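Peer 1: Sequence:
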Amino acid sequence: MKEIEILKEISKDAKMGMDSITMVNKKVQDENFRQLLNTQHDEYQNIFDRTQELLVQNNEEIEDVPIMQKMMGWTGIQMNTMNDKSNSQLSELLIQGNDMGIIKGTKLLHDSNFTDSQIQNLLADFVRLQEKNIDDLKKFL
Numbered sequence: 055m056k057e058i059e060i061l062k063e064i065s066k067d068a069k070m071g072m073d074s075i076t077m078v079n080k081k082v083q084d085e086n087f088r089q090l091l092n093t094q095h096d097e098y099q100n101i102f103d104r105t106q107e108l109l110v111q112n113n114e115e116i117e118d119v120p121i122m123q124k125m126m127g128w129t130g131i132q133m134n135t136m137n138d139k140s141n142s143q144l145s146e147l148l149i150q151g152n153d154m155g156i157i158k159g160t161k162l163l164h165d166s167n168f169t170d171s172q173i174q175n176l177l178a179d180f181v182r183l184q185e186k187n188i189d190d191l192k193k194f195l
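Just so we're aligned, residue 55 is where the sequence shown starts under this note's numbering, counting upward by one.
Source of the hints: derived by calculation from the structure; they are not laboratory data.
Treat the hints with caution; some may be incorrect.
[What the hints assert, rightly or not] Ranges between beta-carbon positions, derived for each pair: (1) Gly130 with Asp189: 16 to 24 Å; (2) Leu195 with Trp128: 17 to 25 Å; (3) Ala178 with Ile116: 15 to 23 Å; (4) Asn167 with Lys81: 41 to 49 Å; (5) Glu117 with Thr93: 22 to 30 Å.
[What the hints assert, rightly or not] Taking lysine to aspartate or glutamate pairs in the DMTMM-like style, the calculated list, with each CA pair at most 20 Å apart, reads: (6) Lys186 with Asp73; (7) Lys69 with Asp103; (8) Lys56 with Glu117; (9) Lys62 with Asp103; (10) Lys193 with Glu85; (11) Lys81 with Asp138; (12) Lys158 with Glu146; (13) Lys56 with Asp179; (14) Lys124 with Glu63; (15) Lys66 with Glu185; (16) Lys158 with Asp73; (17) Lys56 with Glu114; (18) Lys69 with Glu59; (19) Lys80 with Asp138.
Given the structure is predicted, the values throughout are model-derived calculations rather than measurements.
For each residue, glycine too, the CB sits at the ideal point set by N, CA and C.
When you get a sec, could you build the whole thing from the sequences and use the hints?
Peer 2: If you want it as structure tokens, here you go:
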């Protein structure tokens, strides 16, 4: 995968992370859990902003998350929290999303020949962020 395509994937994944947190946050009752989610949202926003800057620098178009992907994320959260809105259930959903991101990002780090260290570092930062998110979310299982 080319570096610009990787950058676009990071951008979409960071946006999906923010959207998921926003959806889950509406179901949260615990203030400590809400604060954690707000912090994680801000960290995703930082990654997203960095991708946007690099895309603009490379004269690339900024793409939005496909509507079908957004709808699937929303539906999944609604279905999985219909009967259980506990911190544990919500944490588990977010951990699963972060886990998928770690797998995808780690594969990209290992399989790509980077010429732009900024993009490589951004991807590595994104993987580390998701690893940290999981560690923080485990406290609420």
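Peer 1: So which of the earlier hints does this model not fit?
Peer 2: Structure breaks no hint.
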